[in-house]
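K.L.:
Assembling the complex is the task here: the two chains are given apart, and the hints tell you how they should meet.
The listed protein sequences derive, respectively, from chains H and X.
First residue of the first sequence: 1, per UniProt numbering; consecutive thereafter.
First residue of the second sequence: 1, per UniProt numbering; consecutive thereafter.
Hints are computed from structural coordinates only; laboratory data are not their basis.
Bear in mind the structure is a predicted one, so any value in this text is a computation, not a measurement.
Hints may contain errors.
Derived contacts from chain H toward chain X, CB cut-off under 10 Å, selection only [to be verified]:
{"#": "1", "residue": "195"}
{"#": "2", "residue": "231"}
{"#": "3", "residue": "253"}
{"#": "4", "residue": "289"}
{"#": "5", "residue": "301"}
Think of the CB as a built atom: it goes at the ideal place given N, C-alpha and C, for glycine as much as any other residue.
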Amino acid sequence: MADLDKQGGTPEQGGGDVSESSTTAEVEAAFAKTVDRGEPILQVRNLVKHFPLTQGILFKKQIGAVRAVDDISFDLYQGETLGVVGESGCGKSTVAKLLMNLETPTSGQILYKGEDISRLSGRALKAVRRNIQMVFQDPYTSLNPRMTVGDIIGEPFEIHPEVAPKGDRRRKVQELLDVVGLNPEYINRYPHQFSGGQRQRIGIARGLALNPEIIICDEPVSALDVSVQAQVINLMERLQDEFNLSYVFIAHDLSIVRHISDRVGVMYLGKMAEIGTDAEIYDHPTHPYTQALLSAVPQPDPATRDQRERIILTGDVPSPANPPSGCRFRTRCWKARARCALEVPDLAVPAEFRYVEGPAHHDSACFFAEDKPEVTHPQEPPAPEDPARGRAD
Amino acid sequence: MTTTQKTADLPAAKSADSAGTPLLQVKDLHVEFHTRDGVVKAINGVNYSVDSGETLAVLGESGSGKSVTAQAIMGILDMPPGRIPSGEILYRGQDMLTMSGEERRKIRGRKIAMIFQDALSSLNPVLSVGYQLGEMFRVHQGLSKKDAKAKAIELMDRVRIPAAKERVNDYPHQFSGGMRQRIMIAMALALEPDLIIADEPTTALDVTVQAQVMDLLAELQREYNMGLILITHDLGVVADVADKIAVMYAGRIVETAPVHELYKRPAHPYTKGLLDSIPRLDHKGSELYAIKGLPPNMARVPAGCAFNPRCDRAQDICRTEVPALHPVTEQDGTTLVGRGSACHFWKETIHG
Ligand SMILES: Nc1ncnc2c1ncn2[C@@H]1O[C@H](COP(=O)(O)OP(=O)(O)OP(=O)(O)O)[C@@H](O)[C@H]1O
Ligand SMILES: Nc1ncnc2c1ncn2[C@@H]1O[C@H](COP(=O)(O)OP(=O)(O)O)[C@@H](O)[C@H]1O
Ligand code: SF4
Ligand code: SF4
Ligand SMILES: [Mg+2]
Ligand SMILES: [Mg+2]
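If we strip away everything but chain X, and leave its shape as in the complex, we get (with noise of 0.2 Å):
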């Protein structure tokens, strides 16, 4: 078996943009992270990309990398002690890793822009929603202040605040959580990004309220043809939005299909491990499937493929080998549009 490429070029789904350029791509990237206890390998490698008017979902535990790949994309990576030994991340083809700090500042917050899990803290909470609304007008497009105030209540009133004009002087923790996640998607869209990172936006919301943000989050995307990382542990979420899917298990991809493909033929048997302990109602009353052990603590990740210790499939190069992401084919050969698995045995995985 030929196992040890460290890349594998991946058959990219069919691309919206003519050019053929992703939007947004990441390539072979790496983070480390400087601490007393030595260095933190939080990203080994992530690769995936992202056109406009479509969702990629990236799905993984926490500590699994999520969060630290999206700091990078946007640039507010602690540094230090965070560093990128290597690794593109290219922006209409273009590496916002070698690009002057001009060129980025164009890009990150005009071009993309990002939703955090924890709405509260990330707005400014002795500033009116309207000032941190106008703010970005202000800012980027030089309105004057009344202009900008008539931007912020239109802005409030697209992303559905009920009495938008009375409420616009209202402090952040007048808002309720789900009316304050719509106030940071209003922020986000205020500059009508390209592309919009949202990382657990719906995580700390009820069921019903987390229903009606991404419903929002849904029609504006389909409405401005954005594209959208959305980064979720939550396998329903995905099953609902995504359009492909890239699997993350300690700072790595592990997995990228489309997201019926994964649900149907998962190709790596972490992904594939999920899938089954999802409680099903045919096996209601006897045990669910768990994957064993736990996740890995990223300052000792195991040797070869860092699943190792949890697979039922571990062979011995598993425990030497890193699993490239290989293109998965079908049974004859057959290219399977846009998936990849960093599993040696993804063959049996999927074919059985």
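Just chain H, with the same shape it has in the complex (with noise of 0.2 Å):
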């Protein structure tokens, strides 16, 4: 495979064609602008990232390559939050990684403020690392079990002391635990003293130290309780409104991230099927793959559950190390014909709603795509019946 050859490319290669400044001051000057609200501060471009297979133990040899992220590009506009939904090993933590420069790509630019960013390095990779951070899945095996809470929420501020000298540190911290939610005189505690959302929070608070402006969360609720998940859901939204952050925001509870996002993008097998705002999506999804999955959600109400027509999918997910020609998608579609095997479809407005206003136009890759709002459930839960049963507030 050609395009493996780049892995790992010098700093140089990075810009190319994109931007023109190359010098570290430059790219830093760069990264000081601010953005408006409503305008990209990420853009990702043709993004691809393939692990290699690899057999032998002494010579590896290359036997192929999983193609975890095959050719992705969007945007993330200032401000805003976009969800990114789809089913395990469809490519969306590896998404989240070359975000947060974790990864290399195989070929494909992420500009952050105009500027590629994917393959900086020194002082220029330092100064994108304090503009976007991450908040992981797992609040059980991301914090290090040896540190104190103080230690953790505090380590981003070794690397970059210019944020908080010294002196300042301890109070930072605190102040940090006061914003999400957690008793500052917990400083000395250590993880295993925490729940769960409470480890969550702390995790929150790391991924605040350094006042990003761009926070990827990879599941960042998905493996709480039910009762917990939505308060840790509520501290992120005023965090956003607080500090003026832009979220990616990956999750497969469906109804969370319809919620959370005012933009939403549908992954499967490593590429992005559909991308739209969270009405675009959620009530007029045009690609079958959504539309099988909005499908699928079992819908907290059982006052639905005769009325609504379920597309249920034969088959399991292909292996991304060997997907299918053409549309990604094909070997479970039930619209699949000749044409989805040779071509692949590209994500933009499908031709048939190209001249059309509405809900409808938005992109959507798959050659025979349909406006389906039926697909979709009433999404409310029932109403409530007696007074009593509205918001405590």
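P.N.:
Written out as structure tokens, the structure is:
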């Protein structure tokens, strides 16, 4: 696979035609710019990540590649939440790691304020890392058990001392604890002394330490109990307003994603199948995979259970090491035709909706896209019957 | 208020069985674990029942005691450290906790089968799937190796494993998560049980695969008219498949109700809080309702009602007296079949 040779390319290769500014100082200056609300702050272009599959112990021979992320493009706008949904193994976490510079892309670009950040190193990399932070999925394994909460939250200050001078750190950490709703006196405790929800708050406090502009959240509430999820979601929304943050919010719970997101992208086998505003995706999905995914989600309202049209897909998701030709979804798609095996559909507004206005007019990678609003069932839980069943406020 | 009676006899839902005895009934079950840190009272009075052809969903957060109850029914509790100080587990009216070992063995595994959350760790990795399925028939029905294998293939077909004949000799790791869960279902079905207990059968699966597996389970249940106890924390799955619900909190059943009733008119503040915290379209952009605080540590359950530190309605009595599972009625006293709430203020909660 020719693409793989590019992996781990030198920093100079990075920007190429996109950014002319190549000196560290210029890059840093670009990062210091402010982006207006609603303007793109992150632009992902043709992002590819292939993990080589090797055989042999001494002489590793490459026998193929896991195509974890395979040509993905999207924008993140300043101040918004972009939800990313999709089934296990479709590449969500790999996208998150690429955005965080924890993996080097096989090819493609990640433009932050117009600069390609995917192949930076040294000071310039440090400068980006300050502005893009991450909150991880598992609050039980992502915190070092031998460090105190104070050390965990304050660790980013070791790498970026300019944000908080030494004498000031304890106070800053206590402030952060307070911001995420934890008692500042807990500063000397260890992670095992906290519950899952509290640990997730510690992870969020750490993510906030450097005043980032973007936070990438990979399944931030999936490991939490239902009654605690709502607390953490509320906290994240409050912090977004308070600190003017942009979120990439990865999750598999579609109702939580809808609640928190302004726009939603649906991934399947390393590709973006469909992307649009929450209402476009949830109420007017045009991609068969999105339609099946939405129809499969159990609704917390027994009154709708016999009225819903459910699309039960057959088979499993194919292996990303050996994806189907053409459209990746064709092996499970009930609408697939000959063309679907031959050509890869682009992520764009489908021809039939290009000149119509309305919610079906959004990007969808399908040759036979159809607006199918009926697959999305009423999302409403039952209307409160007794007056007491409202919100306790 | 007469709040201190220990157990309440709930009006039972109309039984499908002619005799009126439920297929399985758990009565005031207690389970404790003796650990180094002291006694963990994991189950403090669980009451529920299920009939043939009926689906009971047991809903609760992690640690609330859903699995321990199921393990007690199946007789697979770790004893010690586990102990059952009191309670009854009645299969067709007969208490499994007091019957002879031989009688018990005829029921557990044969009449009552269980499906676990994690199929990979409950299948033996070094034996082929066909061998493990066939074993059920060889051991329990004395079938020959050849006949058992034919039965195994039939079962794999039954749970819609494609190309069952070719795959019967494959090992568990060669199947996807969804297929492994279907093999677990096949295994549970092998001896045509009357009751299946499924402990979070789809929690580890993706939504589209979860839909396939739930669909299969519901179809098989209808076909064989089995009782099903579905253990889950997912309010969506419950709404989709349950006939009735038992809500667990801190080792007790805090509310029981038919599915439509529970979602429409919860009679316990915890249930109401859970339902209110579901993201709703008309509240997009505003705060989600969130139950405050955390589920309790089972080694230090609060006195009185275990939910009291998190409850907006809590009064002094809630901090001292454990509420019994009261029968829930209409405002005028009309019985509501199958409904119960372990709350001192159930009337205020349901009738406002
Ligand atoms: N370091 C790696 N080496 C090889 N393959 C990898 C590596 N990391 C991820 N993959 C593969 O890439 C694909 C995408 O993985 P990824 O973790 O991004 O999925 P995901 O969408 O986050 O799934 P989940 O919902 O289960 O978290 C999977 O097939 C995975 O096995
Ligand atoms: N073998 C054991 N020893 C000690 N405590 C246990 C044991 N098994 C379960 N528990 C405790 O019993 C309680 C209920 O657990 P469980 O039934 O597994 O919860 P869930 O509702 O999540 O299925 C928990 O507090 C758990 O820690
Ligand atoms: S392009 Fe073809 S296979 Fe792909 S989703 Fe559309 S109809 Fe289905
Ligand atoms: S008994 Fe009291 S504390 Fe418990 S749920 Fe009812 S009102 Fe709340
Ligand atoms: Mg992931
Ligand atoms: Mg459990």
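K.L.:
Taking the least C-beta to C-beta distance, is residue 301 of chain H closer than 10 Å to chain X?
P.N.:
Result: holds, 6 Å to nearest chain X Cβ.
K.L.:
Would you check whether residue 195 of chain H satisfies its interface hint, that is, whether its CB is within less than 10 Å of any CB in chain X?
P.N.:
Where the cut-off is 10 Å and the nearest Cβ of chain X is about 5 Å from residue 195 of chain H, the hint holds.
K.L.:
Using Cβ atoms only, decide whether residue 231 of chain H comes closer than 10 Å to chain X, and label the hint accordingly.
P.N.:
4 Å, holds
K.L.:
How about residue 253 of chain H: closest beta carbon in chain X under 10 Å, or not?
P.N.:
9 Å, holds
K.L.:
Checking hints one by one. Is residue 289 of chain H an interface residue toward chain X, by the C-beta closer than 10 Å rule?
P.N.:
9 Å, holds
Violation of the numbered hints given earlier is absent; every hint is satisfied by the structure.
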